[in-house]
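From first to last, the protein sequence lines stand for chains A and B. Counting in the working numbering, the first sequence runs from 239 upward without gaps. Counting in the working numbering, the second sequence runs from 239 upward without gaps.
Calculated directly from the structure, the hints in this document are not laboratory data. Be a bit skeptical, because a hint or two may be false.
Because identical chains cannot be distinguished in the list, a pair is counted as satisfied if it fits within a single copy or across any two copies.
[Said to hold, decoys possible] Dumping the calculated DSS-like pairs for lysine-lysine here, alpha-carbon to alpha-carbon at most 25 Å:
1. Lys-501 to Lys-240
2. Lys-321 to Lys-279
3. Lys-501 to Lys-293
4. Lys-293 to Lys-240
5. Lys-240 to Lys-279
6. Lys-279 to Lys-293
7. Lys-492 to Lys-240
8. Lys-240 to Lys-321
9. Lys-293 to Lys-321
10. Lys-492 to Lys-384
Protein chains: 2
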Amino acid sequence: MKTCIDCIPCFFRQALEAARLVSDDEAVAEHVLRSVAALVKDLDMDQSPPEMGQKIHRIVRERVGMDDPYRGIKQTFNEAALKLYPEMRRLIGASEEPLGTAVRLAIAGNIIDFGVNGGVQDGDLERSIRQCLAAHFADGQLAAFKRAVNEAEDILYLADNAGEIVFDRLLIELLPVERVTVAVKGRPIINDATMEDAIVAGLPQIVEVIDNGDDAPGTVAEACCQEFRRRFARADLVIAKGQGNFETLSEADKHIFFILRAKCPVIAMHLACPIGTSVLLEHKASERRLVN
Amino acid sequence: MKTCIDCIPCFFRQALEAARLVSDDEAVAEHVLRSVAALVKDLDMDQSPPEMGQKIHRIVRERVGMDDPYRGIKQTFNEAALKLYPEMRRLIGASEEPLGTAVRLAIAGNIIDFGVNGGVQDGDLERSIRQCLAAHFADGQLAAFKRAVNEAEDILYLADNAGEIVFDRLLIELLPVERVTVAVKGRPIINDATMEDAIVAGLPQIVEVIDNGDDAPGTVAEACCQEFRRRFARADLVIAKGQGNFETLSEADKHIFFILRAKCPVIAMHLACPIGTSVLLEHKASERRLVN
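Next comes chain A alone, as it looks inside the complex (with noise of 0.2 Å):
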C-alpha cells in the first residue's frame, strides 16, 4: 500500500502523540513535530505508511535519548494478556470452531495498538475480545484459511504487538507448531513485539521463533537481515498480523492471510469494511497488485 494524501495529517497526530507518550517535555514535541514536516515536505508517496512510521519513532527516539521509550507499556500489555490467557484457552477449548475462536481472539488482541491510536485504556481489552469473538468473516475466509494451514509445509508467522503476541499464542498453539515460525521486530519500534515479548509470551518453548532483523511496524523485506529474507521467500504461507503488515506486504507475490482489526479509515476504504472490522483476508500470490 503506497501513502495516501489523508496519511499526511495523520503522521503528524501520531507523531505528537508518541512525542507526547514518551516524554513531558513540550519541546520534544516540538522537534518531533518540525522533524516530520521536514520529511513530508519531500515524502516519496510511494513508500507504504509504515516506512514513515518508522522515521518518526527513530526521531522520536533519538531526541528523548531512549532505544525503547515503549518497554513500560509493552510489558504491561504482556501481563495483562497472560493473566487472560488461561481464560481465553478454555474458550477455545469449548467452542466448537476453536480455530475460528482463536483467530477471533488473535484479532481481539490486535487492538493494543499504540501506533494508531495513542493508547489502550482499562477495560479495551475485554470489550475487544467480546466483540471479536462476534464476527463474522468474509465468506469461505475461514475454511480457505484451514485449507491453506493444513496444506502449506512452511508457514511464517509475522506477529504485530507486544501483549497481542499471547493472543497469537492461542492461534499458533492450534497450527502444526512443526511447520511454522513466528517472526517478531529485530529492534524496539512502538510497542511492536521484540524477541523479549515472544519469550514472555513462551513462544520460543511450542515454535521457532526469528526476528526480521528491522524496525520498521510492519514487513519491509527489503530492509530486513539476510536470514528473515530468506525464510521470507521459502514460506509457502505467511500470516500477517496487523495493520502495518497489511501496509507493507499488501502487493507481495506471496500467498497471505492478513489478520487484523481495521482501524483507520485508509485501512477500512481499502479493505472495503467499516473501521473496527475484524479482517481474516486471503491474499494469493498471483493477486499481486489486486489491492493498492
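Using the hints provided, position chain B relative to the given structure of chain A.
Quick look at chain B alone, frame taken from chain A:
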C-alpha cells in the same frame, strides 16, 4: 493566543479538508500539504493560529486559481440563515431577556465555520439554535455585556462567517446602532463574511459596515488597513465573534466581549470549558495577557 503544538496536526487536517472542498484533484491536496509542511518546519510559534490559516488558504486559492472558492458555500448559508431569520426574530421578541436570547442565537450561528471542521450538515443549524438557546453564561457576563453596551460610545462589532452574519444582525438590531460599526473581512478567506455577505444580510441599512482590508480568519490588527486600525483604536468596546477573533485578540489591550462557540480542544482548554460550550466572555483592557 500563540500557536500550540496541538495546532500543528490540525493545520494539516484543515489544509486537507480545504483542498478537498475546493478541488477533486488529489494533486492539489498533495501540493497544499507539502507546502504546509515547508511552512511548519520553520513555524513561528509566537504567531496566532489564524495567521497560519491565512497562509494555508492563500496556498489553496493560488493552487486552484480561484479568488473565492467558498463563494457558493457562503451563499448557501446566507440563504439558509435568512430563511430562519423571521422565526428567530419572533423568538427574540417573545423572550423575557431579548439581549440574552440574541447573544445565544449569534452563538448558534457560529457553527457555520468551515475553518474548524469541514462542513455543516443539514439540520445542524436548527440543532445549534436549540442547543444555544439553553446555554448558560458564566456568572455576571450577560449583565456586564448589557452594561458595557449601554455605556460604550463607539462599539466595533467584528463579524465572523457568512450565514452567521445574519444571526449577528439579530443581536446588532438590539444594540444602539447609531454607535455601532460592523467590520467584515477585506478579502475572501474560507467562509468568513465580506462586504458582499453584509449586504445580503441587510446590515448596511441599519448600521455602518466597514471592511478590515485583510484576509486572516481573525483580526491581526497590524495587518489590517489604516482605516480599520483607526476605528479599532477609537472603539471603546469591541464585540468579537468566533474563535478566530479570540485567537488573534485574546491578548489585545482593548475592552472586548468575545462571543463564540468553543469548537476546538485548544480553545476549550484556554477557556477552561468543554468543547461545544457557548461562550460570552469579557476581556478588559487592563487584563492584557490574562488569557494566553
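Against the structure, the hints:
no.: 1; hint: Lys-501 to Lys-240; verdict: within (17 Å within a copy, 33 Å between copies)
no.: 2; hint: Lys-321 to Lys-279; verdict: neither (45 Å within a copy, 45 Å between copies)
no.: 3; hint: Lys-501 to Lys-293; verdict: within (21 Å within a copy, 32 Å between copies)
no.: 4; hint: Lys-293 to Lys-240; verdict: within (16 Å within a copy, 28 Å between copies)
no.: 5; hint: Lys-240 to Lys-279; verdict: both (17 Å within a copy, 24 Å between copies)
no.: 6; hint: Lys-279 to Lys-293; verdict: both (14 Å within a copy, 16 Å between copies)
no.: 7; hint: Lys-492 to Lys-240; verdict: within (18 Å within a copy, 51 Å between copies)
no.: 8; hint: Lys-240 to Lys-321; verdict: neither (38 Å within a copy, 46 Å between copies)
no.: 9; hint: Lys-293 to Lys-321; verdict: neither (34 Å within a copy, 52 Å between copies)
no.: 10; hint: Lys-492 to Lys-384; verdict: within (17 Å within a copy, 72 Å between copies)
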